[in-house]
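Just need the whole structure built from these sequences, with the hints factored in.
Residue numbers (full-length UniProt numbering), protein chains in the order written: chain V, 1 to 180; chain S, 1 to 137.
Rather than coming from a laboratory, the hints here were simulated on the basis of the structure.
Some hints could be false.
[As the list claims (entries may be wrong)] A few chain V residues that don't get close to chain S, going by computed Cβ distances all over 10 Å:
{"hint": "1", "residue": "Asp47"}
{"hint": "2", "residue": "Lys65"}
{"hint": "3", "residue": "Lys103"}
[Stated by the list, open to error] Restricting the straight-line Cα-Cα distance to at most 20 Å, the calculated cross-link-like pairs of lysine-lysine (PhoX-like) are:
{"hint": "4", "chain 1": "V", "residue 1": "Lys171", "chain 2": "S", "residue 2": "Lys11"}
{"hint": "5", "chain 1": "S", "residue 1": "Lys11", "chain 2": "V", "residue 2": "Lys172"}
{"hint": "6", "chain 1": "S", "residue 1": "Lys11", "chain 2": "V", "residue 2": "Lys122"}
{"hint": "7", "chain 1": "V", "residue 1": "Lys171", "chain 2": "S", "residue 2": "Lys5"}
{"hint": "8", "chain 1": "V", "residue 1": "Lys172", "chain 2": "S", "residue 2": "Lys49"}
None of the values given here were measured: they were computed from a predicted structure.
Each residue gets a CB set at the ideal place from its N, CA and C atoms; glycine is no exception.
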Amino acid sequence: MQEEQKFIQQLLDSKTQNQAFERLIQMYQRPLYNQIRNIVLNHDDTDDVLQNTLVKVYQNLKNFKGDSKLFSWMYRIATNEALTFLKQKSKKSGISSEALQSKIIDNLEADVFFDGDEIQLKLQKAIVLLPAKQQLIFKMKYFEELKYDAMSEILGTSVGGLKASYHIAVKKIEAFLNTN
Amino acid sequence: MKTFKLENEPKIESGFITPDHYFKNFSLKMMDQIVTNETKVISIFQKRKYLFFSAAALLLFALMIPIVNNWSAKSTELDAVALENYITYQTNVNQYDLINALEEDDINSMNVSLAIEDKTIEEILSYNPNVENLITE
Numbered sequence: 001m002q003e004e005q006k007f008i009q010q011l012l013d014s015k016t017q018n019q020a021f022e023r024l025i026q027m028y029q030r031p032l033y034n035q036i037r038n039i040v041l042n043h044d045d046t047d048d049v050l051q052n053t054l055v056k057v058y059q060n061l062k063n064f065k066g067d068s069k070l071f072s073w074m075y076r077i078a079t080n081e082a083l084t085f086l087k088q089k090s091k092k093s094g095i096s097s098e099a100l101q102s103k104i105i106d107n108l109e110a111d112v113f114f115d116g117d118e119i120q121l122k123l124q125k126a127i128v129l130l131p132a133k134q135q136l137i138f139k140m141k142y143f144e145e146l147k148y149d150a151m152s153e154i155l156g157t158s159v160g161g162l163k164a165s166y167h168i169a170v171k172k173i174e175a176f177l178n179t180n
Numbered sequence: 001m002k003t004f005k006l007e008n009e010p011k012i013e014s015g016f017i018t019p020d021h022y023f024k025n026f027s028l029k030m031m032d033q034i035v036t037n038e039t040k041v042i043s044i045f046q047k048r049k050y051l052f053f054s055a056a057a058l059l060l061f062a063l064m065i066p067i068v069n070n071w072s073a074k075s076t077e078l079d080a081v082a083l084e085n086y087i088t089y090q091t092n093v094n095q096y097d098l099i100n101a102l103e104e105d106d107i108n109s110m111n112v113s114l115a116i117e118d119k120t121i122e123e124i125l126s127y128n129p130n131v132e133n134l135i136t137e
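Printed below as a string of structure tokens:
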């Protein structure tokens, strides 16, 4: 925690800011990319959203109060940015966010940046059928292996609620995989 | 048939991949973007905003000139016609009403124009058989 405070100070100090921010990007770009990619599904869109996320992080560092961990704060920004992006994109296409995600998953085999086999494709098809919040919880727990405490801080949901949602999501996915 | 259980199976990855060296290039690209953003950029539009607004206002003003001109010309013309018609066709207005309506300035200006025509008046008076009537009028 003290180390994080020191790192935050470096990020806020104009003399050490750029160097510290470069370190921050190197430390967190992969988990943030994965979180965004799991929501928007497409690489190019993920790249755009990740850039916006990091710009926002940089611009709002001075407002970071340290109530939560830096990682959780950035994760929350990334999640909100990705969900907003998805909403705007679906609005432009004239369909719902769910319909847009289903469309992307249906075309996943043609995506050059998807290298999944049959079971991976089936799993993606099963996930997209879940309600939005359950999708998010499942992806964060199953793919990203985040702890419930961290997820609770990011999503603002109780640990108990997250566990229940994850359990339901797993049951639905298993049912889909057993019947398809 | 064996029932599929997520926890009993090896972990299934998402299957999403990135272009080669994506993360290495991304951090460089991101730092460039941050440094560029730090330098305050004044947008061309901002800089020329006042110029654009002035030009737009001038254009609007220029476009209004013919409209205003037409409007004022029409209104003057209409007034003159109405006045002329009134005097011509209004039977209640006679010669004496017109004389009464004349201002001193009007009479003076008429005097000036009449002075130029003195000789003509003399000729008319000398050849007109109703001189007496004209004088009394």
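Results for each hint:
1. Asp47: Given a closest Cβ separation of 7 Å, the condition is violated.
2. Lys65: For Lys65/V, whose nearest Cβ neighbour in chain S is about 22 Å away, the distance exceeds 10 Å, so it holds.
3. Lys103: Its Cβ never comes within 10 Å of chain S, the nearest being 17 Å, so this holds.
4. Lys171/V to Lys11/S: This hinted pair holds, its Cα atoms lying about 16 Å apart.
5. Lys11/S to Lys172/V: Given that 20 Å is the threshold and the Cα spacing comes to 17 Å, the pair holds.
6. Lys11/S to Lys122/V: Distance ~14 Å between Lys11/S and Lys122/V Cα, so the pair holds.
7. Lys171/V to Lys5/S: Measuring from Cα to Cα gives roughly 9 Å; hence the hint holds.
8. Lys172/V to Lys49/S: 57 Å, violated
When each numbered hint is compared with the structure, violations occur for hints 1, 8.
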